[in-house]
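Full structure from sequences and hints, please.
Residue strings, one per chain:
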Amino acid sequence: MIVADLPESELARRLGGAGLRLRTGPLVTEIRSRLLEIADGVRLHYRDHPAEEPGGFADFHVRLVLPRGPRRWLRPQVLFQFDGAPPFYPLPAAQAFPVLEWGLNWCVSSHCHQYLVVHAAVVERSGRALILPAPPGSGKSTLCAGLVSRGWRLLSDELTLIDPGSGHLVPLPRPISLKNASIEVIRRFAPGAVLGPTVQDTLKGSVAHMKAPVESVRRASEFARPRWMVLPRYEAGTPARLQPLSKGRAFMHLAESSFNYSLHGRRGFETLAQAIEACDCYEFAYGNLEEAVELYDRLATST
Amino acid sequence: MTVPDTDIVSLALRDPRALPGWPLARWEALVRQARRANLLSRLAVLLDADGLLQSVPEAPRAHLDAARTVSQAQEEAVRREVAYVYQALAPTGAEIVLLKGAAYLFAGLPAARGRVFSDVDILVPGVALGQVEAALMLHGWATTHHDPYDQRYYRRWMHELPPMQHITRGTVLDVHHAILPTTARLKPDSAKLLAASRPLAGEPRLRVLAPADMVLHSATHLFFNEELGSGLRDLADLDSLLRHFGRQPGFWEQLAGRAREMDLTRPLYYALRYATRILRTPVPATALRAAEIGRPSPLLRRLMDVLYLRALRPDHPGAADRLTPLARHSLYVRAHWLRMPPVLLVYHLGVKAFRRESPGTA
Amino acid sequence: MRWHTIPPDDLIWRELDGELVVRNARTGNTHLLEPLAAEVLRALTEAQAGLTVADLVARLRDDAATEDEWSGAIEAVLTEFERLGLAEPQEP
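Heads up: the sequence lines are chains A, B and C, in that order. With this note's numbering applied, the first sequence covers 1 to 303. With this note's numbering applied, the second sequence covers 1001 to 1362. With this note's numbering applied, the third sequence covers 2001 to 2092.
To be clear, the hints were calculated from the coordinates, so they are not data collected in a lab. Any given hint could be a false lead.
Computed footprint of chain C on chain A, listed as stretches where at least three residues anywhere in the stretch have a Cβ under 8 Å from a Cβ of chain C [claimed, not checked]:
no., region
1, 92-102
2, 171-178
3, 239-248
Computed spacing ranges between beta-carbons, pair by pair [to be verified]:
no., chain 1, residue 1, chain 2, residue 2, range
4, A, Trp73, B, Gly1108, 51 to 61 Å
5, B, Arg1169, C, Arg2002, 26 to 36 Å
6, A, Ser9, B, Gly1108, 26 to 36 Å
7, C, Leu2084, B, Ala1134, 33 to 43 Å
8, A, Ala12, B, Arg1169, 31 to 41 Å
9, C, Thr2052, B, Ser1118, 37 to 47 Å
With the Cβ distance kept under 10 Å, some of the chain B side facing chain C (calculated, not the full set) [said to hold, decoys possible]:
no., residue
10, Ala1018
11, Ala1073
12, Glu1076
13, Arg1080
14, Ala1083
Cβ atoms here follow ideal geometry from the backbone N, Cα and C, with glycine treated the same way.
Structure representation (C-alpha cells):
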C-alpha cells in the first residue's frame, strides 16, 4: 500500500492521529501533524512511497506542531519534535514542509550509525553509483536533480548511506531540495519534473522540493556499488570539465563530508578506503546544467 | 505477561533473554525509551553477551548496532582523554581519582560495557585544586560558564571547578574536590575517600574509589543530583556495581558501616531500595537491614517512592504518567535543597529561571 | 637518535595513488601523507629497531636533491610525525 492508495480522509486521519508510517528506503518514520502544508507535501512528494500499517516497527517518531504561546496566532511557527523533544528552534509555519525534510535528514544523520552516513548526493546508472559530496552552494543538488531528470536513479540528494560490512550504497529516495536560482533552472531543464511550492525566506533563501521519480522510489531496495566520486563546483560561465582527483585527496574529502566517520573508528577508515579504491575520482566544474549532464552520460557509457 | 510500557526498559534490563521474542511494536517502544534513557547500547551489550543479538528482529537490531557503535567510539575517546589528563597532571604530583564512567572503564568493571560516556570526572585533593587548574589550562583546557554567578556557584557552593573544556578536542573535564558541596547537609569526608582509593595497575597516582565508596558515590550522585534525566541509567550503573562487588567477600558486611562513616546512609538506603525494586538487584537481607539506619520517616519514604518510582523511568513520553512532570520537578527542587541551604536555593533557582534559554531547547 | 613509529596495532593505512591515508588509533585522527612522508612512514614501520635521519636519507634519496636537502625534508616530516603522534624519537 502506497500513500497514493490512501483516500484523502485516511491520510488526514493518520497524520492527525496516530501517525502516518512512511517508508523511505530502509527506514520507517511515523509522522504526525495537523498542518495543511505537511499533508499537502506528503501527498505530493511521497505519493509513491509505502505507507506501513501499525504493528510493525517504526524507526523514528516525529511531529510537527505549532508551539504554544501568543505567537501561535500572530506569527505562527512550526516546531519539529523527535520523540517529544525538539532538536531545533521553531521556524515560521509556512516552512513546515522544508522543516519536515530537514528534520528527517537530522534523524538519519544523528542516529543511523549502522551506516557510514556521508553528506553527499548519490545517483546510479547501470548498477554503478556516482557520489557527489559537496558543501552547500556547490551546485550538488542542482546537478543531482538534473541527472535524475535524465535517467539516473536517485538514491539520495543529501545522505549517502554506506553499509560498513559490504560497502553497499543503500538508497533513501526522498524529495530533492533546491534553493534560490536552482529552482528555476530545474523547472526549465525538466519541465516534466514535479516540484512543490516555493517557500520564501528560510535560512537558506527560497526552497522548493523536486519529487523523487517513481522508478527511484520503486527500486529503493536495490543497492548500488560506488564507481565515481566527484566534487562538483558550480561557477557561472565555466565550461563543464572533469579533472582527475587523487584518491588520497578524495578519501579525505569523503571523510570530512561524513557525519559519523569518527564514530566508526577503524571500520570507518576501511569502509571509506574500500569505496574510494572502487571509484574513479574527479573534481568537476560547470556553469551549464545541460552540458554537465551530457558529460556524465558520456562518462557512464565510456567507463 | 503485561507490564505497562512505562517500565519496559527496566524490564528489559532485568531479563534480556526474553527480548528476542518480543513483538515489533514492543521493540519499537523499547528502542525509543532506551535511547532516551541512554541505555540502548547497554541492552545491545547484554544481548550480545548472551549471544542473542542475531535473534533480535532486523529493524530494531539496526538501532542496537548503531548505539553500540557510538558507545564503542566514546569508550575509545574516554581512554584517550584520561591519558591526556594524566599527562597534564602527572607533574603536579596530585592524586587523581577517576570517577563514574571513566573509573568503571579503567577498572575493567562490567558497568562500563555499553555505557554512554560524556564528560570525564575526576576527584583531586582540595589543596591541589589551584595547581590542577593551572596545569590543565597549560595543556589546553579552558574554563566554561564565564558568568560570575556560575563561577561562584561551582567554586564556592558546589564541589567542583566549573567544567573545563579542551580548546582543540572539545572534550569536557569535571574536576571535583568533594562528592557533595560544602553547603550540603551531608558531610562525606573527601580525605577518607582519597585515603581508601586504589591505584590503577602501574600508575600510583591514577586511582579509583574503593568498591564501597564507588557504590556510595554512585548512590549520592543519583539521589542528590539535580538532573534526573539519566536516573535509570545511573540506577543501572548502581545495579551493575552491586552485582559485581557483591561477589567479593566482605563487601556487603562493611557497606552500611562505611555509609555511616561517610555520612551517606540516606543515599545508600535509597540506592538499595530502588535498585532492588526496579532492577531486582540481588542484595542480601542482612545488607538491606543494615542499610535501614538510613531510612527516612515512613511519610517521607512514601513520598520518595511516589517521586522516584516515576522519576527513575526514562525521560520519555511513553514512560510518563500525569504525575511524572511534577515528580521530576519536586526531585529537582529537593536535590538542590539537599545540596544548598534554602536561602541560597531560592536565589539560585531564581537566577537560573531568569536566564533560561528561549523555547525550543528542552 | 632513532625514530620509531607507534606500535603497528595503532596504525592502519592504505596506499592510494602513491599517497598514504593513515589512521592513528591513539589519537583517532586520520591523515593524508604525501609521497615523501608516505615513504618515511613505510620505512619506519619496516624497521623494528628504528631508523635515524641518516638511515632514512640513505634509503630514500635520489639525485633530484642534495643530501642536505633530503635531510632537511626528512627531518621536517619526522617533526610533523611527532606532532601528530605517528612516530617518536628515542635517545640511543
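Against the structure, the hints come out as follows:
1. For the region 92-102 of chain A, the assignment as covered by chain C is violated, since 0 residues bring a beta-carbon within under 8 Å of that chain's beta-carbons and 3 are needed.
2. With 0 residues having a Cβ less than 8 Å from any Cβ of chain C, the region 171-178 of chain A misses the three-residue criterion, and the hint is violated.
3. Coverage of the region 239-248 of chain A by chain C holds. Counting CB-CB distances below 8 Å, 3 residues qualify, and the rule asks for three or more.
4. Checking the proposed 51 to 61 Å range against Trp73/A and Gly1108/B shows it holds: the Cβ atoms sit about 59 Å from each other.
5. Between Arg1169/B and Arg2002/C the beta carbons are some 30 Å apart, a value that agrees with the proposed interval 26 to 36 Å.
6. A beta carbon spacing of about 60 Å between Ser9/A and Gly1108/B contradicts the range 26 to 36 Å that was offered as a hint.
7. Distance hint for Leu2084/C and Ala1134/B: a CB-CB separation of about 27 Å, inconsistent with the stated range 33 to 43 Å.
8. Here the CB-CB span from Ala12/A to Arg1169/B is close to 49 Å, at odds with the stated 31 to 41 Å.
9. Between Thr2052/C and Ser1118/B the CB atoms are about 44 Å apart, so this pair conforms to the stated range of 37 to 47 Å.
10. Interface hint status for Ala1018/B: violated, as the beta-carbon distance to the closest one in chain C is roughly 37 Å, over 10 Å.
11. A hinted interface residue such as Ala1073/B counts as satisfied when its beta carbon comes closer than 10 Å to some beta carbon of chain C; here the least separation is about 8 Å, so the hint holds.
12. Hint status for Glu1076/B: holds, given a least beta-carbon distance of 7 Å to chain C, under 10 Å.
13. Residue-level restraint check for Arg1080/B holds (minimum Cβ-Cβ distance to chain C is 7 Å; threshold 10 Å).
14. Nearest Cβ of chain C to the Cβ of Ala1083/B: about 8 Å, under the 10 Å cut. The hint holds.
Hints 1, 2, 6, 7, 8, 10 from the earlier list are contradicted by this structure; the remaining hints agree with it.
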